[in-house]
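Single-letter residue listing:
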Amino acid sequence: MPYQLENQPADVRESLYFPEIFRAIGLVIRTFWRNAFFSRDRNPDVLARDLSRSRVTTVMYPEERTAYAPGYRGLHRLVPRADGNPRCVACYMCATACPAQCIYIEAGEVENDPIEKYPKKFVIDELRCVVCGFCVEACPKDAIRMDTGEHPAPSYERVGQIYDEKRLLRGPPVSYDYDPWLRRGADLPGDGMKRMRDLARPFASDAADEFSQTPGFSVRALASETKAAGRGSK
Amino acid sequence: MKRFVGMWLVIGAVLVGLVALFYAFYALAALAAGVAASLGAPPFYGSAIANTVTLMAVLLMTVAALLTVAERKWSAAMQDRVGANRIKVFGTALGGVPYLLADALKMLTKEATYPAARSRLLFELAPVLAFAPTFALFAVVPVGPSVEVLGQQVALVVASPDVGLLWIFALAGLSVYGTTLAGWASNNRAGLLGGVRASSQMISYEVSLGLSLVGVMLAYRTLNLQDMVAAQGNSVLGPVPALGILLQPLAFLVFFTSSFAETKRAPFDLPEGESEIVGYFVEYSGMKFGMMFLAEFVEVVILAGVVTAVFLGGWHPVIFEGLLRANLPPALFGAVCATVFLAKVVLLCWLQLIIRWLLPRFRFDQIQALCWKMLLPAALLNLFVTGAAVLIDPSLELLAWVGIAEIVAIFGVTAAATRAPARAAEHGHDHGHAAHAAGH
Chain C
115 MPYQLENQPA DVRESLYFPE IFRAIGLVIR TFWRNAFFSR DRNPDVLARD LSRSRVTTVM
175 YPEERTAYAP GYRGLHRLVP RADGNPRCVA CYMCATACPA QCIYIEAGEV ENDPIEKYPK
235 KFVIDELRCV VCGFCVEACP KDAIRMDTGE HPAPSYERVG QIYDEKRLLR GPPVSYDYDP
295 WLRRGADLPG DGMKRMRDLA RPFASDAADE FSQTPGFSVR ALASETKAAG RGSK
Chain G
-5 MKRFVGMWLV IGAVLVGLVA LFYAFYALAA LAAGVAASLG APPFYGSAIA NTVTLMAVLL
55 MTVAALLTVA ERKWSAAMQD RVGANRIKVF GTALGGVPYL LADALKMLTK EATYPAARSR
115 LLFELAPVLA FAPTFALFAV VPVGPSVEVL GQQVALVVAS PDVGLLWIFA LAGLSVYGTT
175 LAGWASNNRA GLLGGVRASS QMISYEVSLG LSLVGVMLAY RTLNLQDMVA AQGNSVLGPV
235 PALGILLQPL AFLVFFTSSF AETKRAPFDL PEGESEIVGY FVEYSGMKFG MMFLAEFVEV
295 VILAGVVTAV FLGGWHPVIF EGLLRANLPP ALFGAVCATV FLAKVVLLCW LQLIIRWLLP
355 RFRFDQIQAL CWKMLLPAAL LNLFVTGAAV LIDPSLELLA WVGIAEIVAI FGVTAAATRA
415 PARAAEHGHD HGHAAHAAGH
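Chains as they are written, first to last, in the working numbering: chain C, 115 to 348; chain G, -5 to 434.
Source of the hints: derived by calculation from the structure; they are not laboratory data. Because the structure is a prediction, the values reported are computed rather than measured. Note that CB positions come from ideal geometry on N, CA and C, so glycine has one too. Hints may contain errors.
As the list claims (entries may be wrong) - Some chain G residues close to chain C (C-beta under 8 Å, calculated; not the full set):
| id | residue |
| --- | --- |
| 1 | -3 |
| 2 | 3 |
| 3 | 4 |
| 4 | 63 |
| 5 | 68 |
| 6 | 72 |
| 7 | 160 |
| 8 | 161 |
| 9 | 355 |
| 10 | 357 |
| 11 | 358 |
| 12 | 359 |
| 13 | 361 |
| 14 | 363 |
| 15 | 408 |
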């Protein structure tokens, strides 16, 4: 907050000028000594750094990264069920809520099921997205989340920023007790239905619930795990 | 802790490397002197040519170029930053040194643009006039002592004329032309303003620059820088060496300040004034700008060199000197002394960088007031006091006492003036207004 400084005449120390310069030289030499001869604390949590020696608070960005805040809204993902299909039921709530009108959905009917729909196309234009998170709030099925902790990857073409359902569908699956497809049953090979029912949890009424936030989930970490396991796509 | 050890290892390695380098310089100078003698010329010619190449083209240019890197890294350390580190060689930033090559490449390959209404000849001439006189200043600065190497008596100094200090004044005066002509020839308002500011500032400070050194001339009774450095090895007051900073502390402050102003660097960087007028080199690009830029850093190094030679005992190691002289072969002793000289120079460059970052730019009237109302009277006072002291006691002992008294007075005033406001600041934290009221 700005405050008014009284205009004071220079006191003895200030009008002598040189004593202050000598004092300041000592100050700068101390700072130089600390920073040049002692290594920087590399803790990505800058506020928790040990500044008793080096006072540098730089985060060397590409090599070091600060953790995003828990509420950070990253790149969207379509949340899969345990069987790999999207949880999305193509209700258009997100597309309706979207202020940037960047979500395009084409609904299709699930075969052998009289009432359930699925998105034949689910496209988000990340160039138009304003990252407001309204789609996540609007979704009645917890089918779209912004918990990847990622930015949309840069691309040379505009097409690269248009994410379709194949690119959006990723991350750990989510199942809730109330999911209608669990209650009705679905046509899954083997014990797929049982696994889905085992995964199911009560619906979170609290937004800070662990399960609803998928804490620590990051597509980048998933990708590196995949790569380490030798299952890389390329 | 790893960095702490590593820094000292690097410093040690650089010092050892410098000793080896200066040893090679001595050998080169001696070889060249031998060649000159075999051709029938005075051996001094040969060593002078060798020293021109080694000291001016290699040493001075390298130090000045490295100073551009140091300015980045040291400034960063002073401001709690990391500094230039994006160019990596084998995964390490090497302390930012690769930026040197990147800078050179950038300067050399950038397009040189020319203002259409320039004064053609002067526009081309100005960078040369800015660069050459500063560069030639280094010729009289003695880097190493005169020792016998390979049967030849050689010293690491290009020239040792009896007019040494006058040479410095003359060439320092000439370097005004480069900046002023650059501003004039660009046919640009900002450039001209920068040039005019540069000329007024540099001509003003030349007065106190010259006057401050008259006391030193009186004390050592010579203008020759090599003799002056040799005289600083003599002792006054028992074992204390007759260093210029001891005999002439006031002259040191005045000379350092005025030559700082001559380098046109912050806080005296009105001619550049990046935030208001870009400066006298506003229309220059490519390597022409590079020369202006490099001239500034060369000036910094030369200022440090002259101050070292005149006030800090030049190549004298000051402590252990007798021990080194007695136990080392002459060439190695010379190399160690030259390394000591370079270490002092680098320390002074570092000090200039510190001052650059702790003072804001002066206003123009403040610059002129500092010169004419503070430095000039101080230089005159110093001249009278020195003259009287040397007249009364030619052995310099009285002058040394006067100098010690001056140093004690400066430190005393500093201590006295800094202690009181520190208390006031503490009070100000607790109950600001009461302390303010009590302070005035």
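Evaluated hints:
no.: 1; hint: -3; verdict: holds (4 Å)
no.: 2; hint: 3; verdict: violated (12 Å)
no.: 3; hint: 4; verdict: violated (11 Å)
no.: 4; hint: 63; verdict: violated (14 Å)
no.: 5; hint: 68; verdict: holds (7 Å)
no.: 6; hint: 72; verdict: holds (5 Å)
no.: 7; hint: 160; verdict: violated (30 Å)
no.: 8; hint: 161; verdict: violated (31 Å)
no.: 9; hint: 355; verdict: violated (15 Å)
no.: 10; hint: 357; verdict: violated (14 Å)
no.: 11; hint: 358; verdict: violated (17 Å)
no.: 12; hint: 359; verdict: violated (15 Å)
no.: 13; hint: 361; verdict: violated (14 Å)
no.: 14; hint: 363; verdict: violated (11 Å)
no.: 15; hint: 408; verdict: holds (4 Å)
Taken one by one, the earlier hints fail for this structure at numbers 2, 3, 4, 7, 8, 9, 10, 11, 12, 13 and 14, listed in ascending order.
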